[in-house]
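A.B. asks: In case you want the letters, here they are:
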Amino acid sequence: MSITMDDLRTAVNRFAQKNGEWAGAPMLVQGLKLRIEPRYPWQGLDGAAFERDDETDEEREVQRISAILAEHYAKGHTCINWWYCFARDQYVYVIRGPDGKSRVTLRHEHYGDRYSFLFNSLSVAYEAHSIDAEMRALETLRTNIKSHLWDLYVLCGMFIESSERSGITYIFRKGRPTLAMHKTTGGKIAPFVALCLHPIGYYEDSFCGAMVPTDDILAHLLLMRGDEHRFWKKSNQHPLWAVQSGI
Amino acid sequence: MLIPEATIAELPPHLSVLSCGAGDLKFSFDSDDPKDVARAQRCVEDMLKRGYQILVEVDGKLVRCTEFDKTKNEYIIRERVKGKGGRKKGVPAKSHRAHGVAPTAGG
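Residue numbers (the working numbering), protein chains in the order written: chain A, 16 to 262; chain B, 7 to 113.
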């Protein structure tokens, strides 16, 4: 008898609820580490993944950058530092050559970063998320928003709602961080930050949380309506140019 | 499979908890079975201890629940009073929808 991912997921969540975890437990996936909220009782899941390698995050970051730069530099060159320059709207890399001399390279963002996020999100959806859970979450969302917003969500995976409290307008997006928008001095409405937040935890280098995407949207929507201050306090606020913003 | 629109407005009040694997769990305080009610009470008290956010629909708005009164089956919210900060107020669980969200991590 073969065991499917659905069977495994059901067993994990049944075990979690039996032990008092009402929100269930996240599934591990291949190669993508889980990041768990500090108050979640099973902290052993933090940093866990199937077939995880032992490189540190810093080592992986340097290797990733080196791989990108290998397109333009011969062997023996290494990246010793990098940052984003807002003035130039480019990444700045400090490269040390085999002669020991350092030089600076400017580079626009590589499409590979965005592609990795997309592909990793696909992997999480396949291994960790349940279609039944998503359908139930869709039903719950439908009872919480107006019908024309529901139509928009079905058609394009997003909808807009404004906060009466703060005047900020939010675009809630399926599988992506929520965009916060405000009125500019010219009177137009423009996004200024992307808010990323997941109940229980999320998978590194992806847009996915421990719960299905519509549950993430529900969490954002309910917290924005019920405790907007906390919504901002708990979210990671990504600049719009970052890969993590999902733009 | 989706709830018909006409039925949405008639949904009985319940506590809906976002959950991995299940989409969301529903608990009712309006059941004839005392076991269901006891389970719902246990769920709310336990969730508050574990740091869950319980948001109650009151007069069309969502308000955070800080405590639960088991004897009266009421969510305790903080009601804003002008010039006096806030005061505690009990909201019957039987007649108000509520949502439970697990502790959240920035992604």
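Since the hints were made in silico from the structure, they are not lab data. Be aware that one or more of the hints could be misleading.
What the hints assert, rightly or not - Computed cross-link-like contacts, DSS-like style, restricted to lysine-lysine with a CA-CA straight-line distance of at most 27 Å:
#1 K33(A) x K95(B)
#2 K198(A) x K248(A)
#3 K161(A) x K32(B)
#4 K203(A) x K189(A)
#5 K32(B) x K33(A)
#6 K67(B) x K198(A)
#7 K248(A) x K95(B)
#8 K32(B) x K189(A)
#9 K161(A) x K100(B)
#10 K95(B) x K67(B)
#11 K33(A) x K94(B)
To be verified - Pulled from the structure, derived: some chain B residues nowhere near chain A, Cβ distances all over 10 Å:
#12 D30
#13 D52
#14 R70
#15 K76
#16 N79
#17 I82
#18 H102
From the three backbone atoms N, C-alpha and C, an ideal C-beta is built for every residue, glycine too.
A.B. asks: Would you mind marking each hint as holding or not holding in the structure?
C.D. replies: Going through the hints against the structure:
1. Taking the CA atoms of K33(A) and K95(B), the gap is near 32 Å; set against the 27 Å cutoff, the hint is violated.
2. For the proposed pair K198(A) and K248(A), the alpha carbon gap of about 21 Å is at most 27 Å, so the pair holds.
3. Between the alpha carbons of K161(A) and K32(B) the distance comes to roughly 21 Å, so the proposed pair stays at or under 27 Å and holds.
4. Between the alpha carbons of K203(A) and K189(A) the distance comes to roughly 25 Å, so the proposed pair stays at or under 27 Å and holds.
5. Using a Cα cut-off of 27 Å, the hinted pair K32(B) and K33(A) holds, with the two alpha carbons roughly 16 Å apart.
6. The hinted pair formed by K67(B) and K198(A) meets the criterion: a straight-line CA distance of about 24 Å does not exceed 27 Å.
7. As the CA atoms of K248(A) and K95(B) are separated by approximately 25 Å, the hinted pair is consistent with the 27 Å bound.
8. Between K32(B) and K189(A) the CA atoms are separated by roughly 23 Å; this keeps the pair inside 27 Å, and the hint holds.
9. In summary, the hint linking K161(A) to K100(B) is supported, as the alpha carbons are separated by about 24 Å, within the 27 Å threshold.
10. Under the criterion of a C-alpha separation no larger than 27 Å, the hint pairing K95(B) with K67(B) is consistent with the structure, at around 15 Å.
11. Restraint check for K33(A) and K94(B): not satisfied, since their Cα atoms lie roughly 33 Å apart, outside the 27 Å limit.
12. Residue-level check failed: D30(B) sits 5 Å from the nearest beta carbon of chain A, not beyond 10 Å.
13. Here D52(B) does not stay apart from chain A, with its beta-carbon only about 6 Å from theirs, under the 10 Å limit.
14. Listed as a non-interface residue, R70(B) fails to keep its Cβ farther than 10 Å from every Cβ of chain A; the least gap is roughly 5 Å.
15. Remark: the non-interface label on K76(B) is consistent with the geometry, its nearest Cβ contact in chain A lying 17 Å away (cut-off 10 Å).
16. With 10 Å as the threshold on Cβ separation, the claim that N79(B) sits away from chain A holds: the shortest Cβ distance comes to roughly 18 Å.
17. Its beta-carbon lying about 15 Å from the closest one in chain A, I82(B) satisfies the requirement of being farther than 10 Å from that chain.
18. Every C-beta of chain A lies more than 10 Å from that of H102(B), the closest at about 13 Å, which supports listing it as non-interface.
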